[in-house]
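Participant: Protein chains in written order, with this note's numbering: chain A, 1 to 208; chain B, 209 to 701.
Don't read these hints as lab results, they were simulated from the structure.
Among the clues, some could well be false.
[Said to hold, decoys possible] SDA-like cross-link-like pairs, simulated, lysine to any residue; straight-line CA separation at most 25 Å:
1) A:K61 - B:M604
2) B:K564 - A:E199
3) A:K187 - B:I612
4) A:K31 - B:D516
5) B:K530 - A:S36
6) A:K162 - A:Q125
7) A:K185 - B:I318
8) A:K61 - B:D516
9) B:K564 - A:D13
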Amino acid sequence: MTASMPTVFIVDDDASVLKAVARLLRSAGFKTALFSSAQQFLDEHDSNASGCLVLDVAMPKMNGLALQQILATQNSELPIIFLTGHGDIPMSVQAIKRGAVDFLTKPVNDSDLILAIQNAINSNQIARLARSKLSELQQRFATLTPREHEVLSHVVAGKKNKQIALNLGTVEKTIKVHRAHLMAKLKVQSLAELVKISERLGIISSLD
Amino acid sequence: MNWITIVWPMMAASILTLALLHLIVWCKQRQQVAHLFFAIAALGVAMISGMELVAMRSVSINEVALLMRWLHLPMLVIWIAIICYVRYYFHAGRLWLAWTACCLRVFALILSFTTGQNLFFSEITYLKQVVVFGETINIAQGILNPWYIVGFMSMLALVAFVVDASITLWHQGSDTARRRAVIFGCIAFFLLASIGHAALVNAGLLNSPYLISISFMPTLFAMSYELSYDVVHSAKLAEKLQISMTKRKQAELDMQTQRNALTHLSRVTLLGELSGSLAHELNQPLAAILSNAQAAQRFLAQENINLDEVRDILQDIVDDDKRAADIIQRLRLILKKANLELRPLNINDVVLDVLKLVRRDLRHRSVIVNSDLSHNIPVVTGDKVLLQQVLLNLIMNACDAASIEQRQIYIHTQWNGTEAQVAVSDKGTGIASDDIERIFEPFFTTKPQGMGLGLAICRTIIHAHKGQLWATNNANIGTSFYFTLPAYSGETV
Numbered sequence: 001m002t003a004s005m006p007t008v009f010i011v012d013d014d015a016s017v018l019k020a021v022a023r024l025l026r027s028a029g030f031k032t033a034l035f036s037s038a039q040q041f042l043d044e045h046d047s048n049a050s051g052c053l054v055l056d057v058a059m060p061k062m063n064g065l066a067l068q069q070i071l072a073t074q075n076s077e078l079p080i081i082f083l084t085g086h087g088d089i090p091m092s093v094q095a096i097k098r099g100a101v102d103f104l105t106k107p108v109n110d111s112d113l114i115l116a117i118q119n120a121i122n123s124n125q126i127a128r129l130a131r132s133k134l135s136e137l138q139q140r141f142a143t144l145t146p147r148e149h150e151v152l153s154h155v156v157a158g159k160k161n162k163q164i165a166l167n168l169g170t171v172e173k174t175i176k177v178h179r180a181h182l183m184a185k186l187k188v189q190s191l192a193e194l195v196k197i198s199e200r201l202g203i204i205s206s207l208d
Numbered sequence: 209m210n211w212i213t214i215v216w217p218m219m220a221a222s223i224l225t226l227a228l229l230h231l232i233v234w235c236k237q238r239q240q241v242a243h244l245f246f247a248i249a250a251l252g253v254a255m256i257s258g259m260e261l262v263a264m265r266s267v268s269i270n271e272v273a274l275l276m277r278w279l280h281l282p283m284l285v286i287w288i289a290i291i292c293y294v295r296y297y298f299h300a301g302r303l304w305l306a307w308t309a310c311c312l313r314v315f316a317l318i319l320s321f322t323t324g325q326n327l328f329f330s331e332i333t334y335l336k337q338v339v340v341f342g343e344t345i346n347i348a349q350g351i352l353n354p355w356y357i358v359g360f361m362s363m364l365a366l367v368a369f370v371v372d373a374s375i376t377l378w379h380q381g382s383d384t385a386r387r388r389a390v391i392f393g394c395i396a397f398f399l400l401a402s403i404g405h406a407a408l409v410n411a412g413l414l415n416s417p418y419l420i421s422i423s424f425m426p427t428l429f430a431m432s433y434e435l436s437y438d439v440v441h442s443a444k445l446a447e448k449l450q451i452s453m454t455k456r457k458q459a460e461l462d463m464q465t466q467r468n469a470l471t472h473l474s475r476v477t478l479l480g481e482l483s484g485s486l487a488h489e490l491n492q493p494l495a496a497i498l499s500n501a502q503a504a505q506r507f508l509a510q511e512n513i514n515l516d517e518v519r520d521i522l523q524d525i526v527d528d529d530k531r532a533a534d535i536i537q538r539l540r541l542i543l544k545k546a547n548l549e550l551r552p553l554n555i556n557d558v559v560l561d562v563l564k565l566v567r568r569d570l571r572h573r574s575v576i577v578n579s580d581l582s583h584n585i586p587v588v589t590g591d592k593v594l595l596q597q598v599l600l601n602l603i604m605n606a607c608d609a610a611s612i613e614q615r616q617i618y619i620h621t622q623w624n625g626t627e628a629q630v631a632v633s634d635k636g637t638g639i640a641s642d643d644i645e646r647i648f649e650p651f652f653t654t655k656p657q658g659m660g661l662g663l664a665i666c667r668t669i670i671h672a673h674k675g676q677l678w679a680t681n682n683a684n685i686g687t688s689f690y691f692t693l694p695a696y697s698g699e700t701v
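The task is simple: from the sequences and hints, build the whole structure.
Facilitator: Right, dumping it as structure tokens:
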């Protein structure tokens with residue numbers, strides 16, 4: 001869990017709907033942030049905040065689907081719940097394909113909306129957690145020396161110390177020392193664990 | 209009392225009555241000059257009849273001579289009237305014969321005043337007492353005026369004119385023409401008889417009262433019969449016309465009903481096209497109401513109830529409910545509309561109302577509206593809902609016409625000095641010049657799903673407002689539709 005409470009971002013050009021949805025979510029204990037246009041959201045929202053986005057589809061200038069595309073190019077992880085007055089199937093398929101977590105029609109029932117938001121927030125938190133773990137790994141990986149990098153790539157490729165020493169033109173003992181160092185730096189106990197994090201960091205696939 | 213004192217005044221009276229009747233007809237229908245000519249001829253005969261009566265009862269030779277002199281004035285009047293009647297009513301008779309008869313008659317009148325005591329006598333020597341029907345009357349006798357031949361000739365010319373006209377009519381061949389030909393052929397006989405009779409009386413060969421007026425009577429009756437035949441005929445025609453008018457009125461009424469139904473249908477179609485955006489429009493307040501109400505339920509379920517929040521929520525629910533009701537009211541007005549209700553209104557308000565109505569739809573279609581509304585437009589006369597319909601139609605058409613690159617439409621209002629003018633322009637591909645007027649015809653359409661009624665009905669609506677609706681292709685790109693509305697004149701329907 002991050003320290004700050006997740007925020008539900010609401011974007012709708014209809015002031016009374018915006019206000020009512022926000023009020024409903026506050027009554028359910030969510031923290032809300034209100035935006036009356038897609039542009040305002042892009043300009044003002046805290047991109048580091050966790051939570052989810054409740055987005056109206058039909059809006060002037062930039063509609064909900066256009067905002068979704070822009071957020072995708074910005075690698076935003078914010079899950080999107082679409083709210084629409086007259087959503088048709090092609091539109092919802094398009095939105096879901098692009099990663100929307102839900103597509104609800106107005107007027108929306110409170111339990112449906114709240115459930116969708118809870119799911120979205122949960123998935124956002126899981127994603128954020130995974131990302132923070134990955135970045136921690138990347139930080140550890142960055143501490144390896146170039147020689148340790150070389151040794152690691154050979155180790156996860158399944159080579160024995162003797163083979164690695166031969167390949168790198170050194171003695172087996174040196175390799176053993178490097179191997180111990182890199183395992184300590186990456187905080188892994190076993191070869192299996194080493195392979196797993198290498199996979200996650202994309203080292204194995206880069207060898208292919 | 210005796211026959212003569214009864215018959216002559218009665219004759220004069222009946223002739224005068226006829227004259228009066230036809231004079232009245234002419235007064236009512238000035239283009240029917242035949243009635244006027246008949247009235248003049250009848251007046252002439254009535255005068256002659258009066259003169260004859262006085263002459264027959266007179267004991268003074270001078271008085272009789274004077275009467276016989278003046279007798280030629282009504283004669284001239286009768287000549288001219290009969291000739292005009294035949295010429296104008298039957299369009300027959302040779303003009304030179306007519307002129308001859310008239311000129312001879314004028315000549316006769318002049319001679320009557322210049323030669324002898326009158327045209328009949330150079331000198332009246334005595335008054336012969338004759339007993340007719342048991343009454344004694346006086347008949348002038350004396351030396352006959354040789355110039356009398358002129359009067360005789362003029363009578364022959366008139367007879368020739370009438371006979372000629374009758375022959376022409378006979379050759380026309382129609383039943384009416386032939387009936388007229390026969391009647392006027394008989395008239396010629398009576399005219400001839402009257403000349404012969406007068407000559408015989410004056411020559412002292414016949415003991416008879418003067419019968420000039422009586423011999424003209426059949427002529428008058430024939431003329432009157434023809435005219436009345438015409439009056440009866442026109443009355444019949446009028447009756448037929450009235451029946452067909454009633455039918456036509458009914459047809460017009462039916463057409464109006466149909467047109468109203470069509471207007472209504474097109475409005476419904478238009479609403480169908482708009483239904484998506486209207487549904488959305490209605491959905492917004494409903495969505496807000498639901499969320500607000502459910503939020504209120506949740507707040508009320510909490511331990512520390514925030515009453516201020518709940519109060520705000522209830523106020524918002526009330527507002528949104530009114531907003532939804534407004535939309536429904538607008539819809540109902542458009543759907544229920546039946547007749548034209550002209551009221552003073554501000555055309556800019558109508559434009560803004562419509563833009564509010566189509567806001568969603570335009571947004572959905574990514575169309576941008578640029579409006580330039582003049583604030584110097586006086587109040588105009590119009591039916592708000594129907595004008596909204598016209599604008600709605602023009603705006604939706606402009607949206608359909610807008611090209612992919614130029615998704616802009618322009619709405620412009622201005623006052624041109626006498627009328628308010630509204631323009632709706634697009635930047636589409638324009639309209640083929642052959643079609644620019646045809647687009648207003650019913651069932652003409654360029655859209656695959658169009659009924660082709662929108663613009664036809666728009667034009668009907670604007671015409672009902674005494675305005676104009678037309679289209680022109682813009683100089684550079686796209687089309688502009690214009691309509692005008694007259695200023696408010698204090699008239700409401």
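Participant: Evaluate each hint against the coordinates.
Facilitator: Going through the hints against the structure:
Taking the CA atoms of A:K61 and B:M604, the gap is about 19 Å. The hint holds against a cut of 25 Å. As the CA atoms of B:K564 and A:E199 are separated by approximately 58 Å, the hinted pair breaks the 25 Å bound. Distance restraint check for A:K187 and B:I612: the Cα-Cα separation of roughly 59 Å exceeds the 25 Å cut-off, and the hinted pair is therefore not satisfied. For a cut-off of 25 Å, the pair hint linking A:K31 to B:D516 stands: about 19 Å separates their Cα positions.
Only pairs whose Cα atoms come within 25 Å are accepted, and B:K530 paired with A:S36 is accepted, the gap being roughly 22 Å. About 44 Å separates the Cα atoms of A:K162 and A:Q125, which puts this hinted pair outside 25 Å; it is violated. Distance hint between A:K185 and B:I318 is unfulfilled; the C-alpha atoms sit about 154 Å from each other, more than 25 Å. The suggested pairing of A:K61 with B:D516 is violated, with an alpha-carbon distance near 36 Å, which exceeds 25 Å.
Between B:K564 and A:D13 the CA atoms are separated by roughly 15 Å; this keeps the pair inside 25 Å, and the hint holds.
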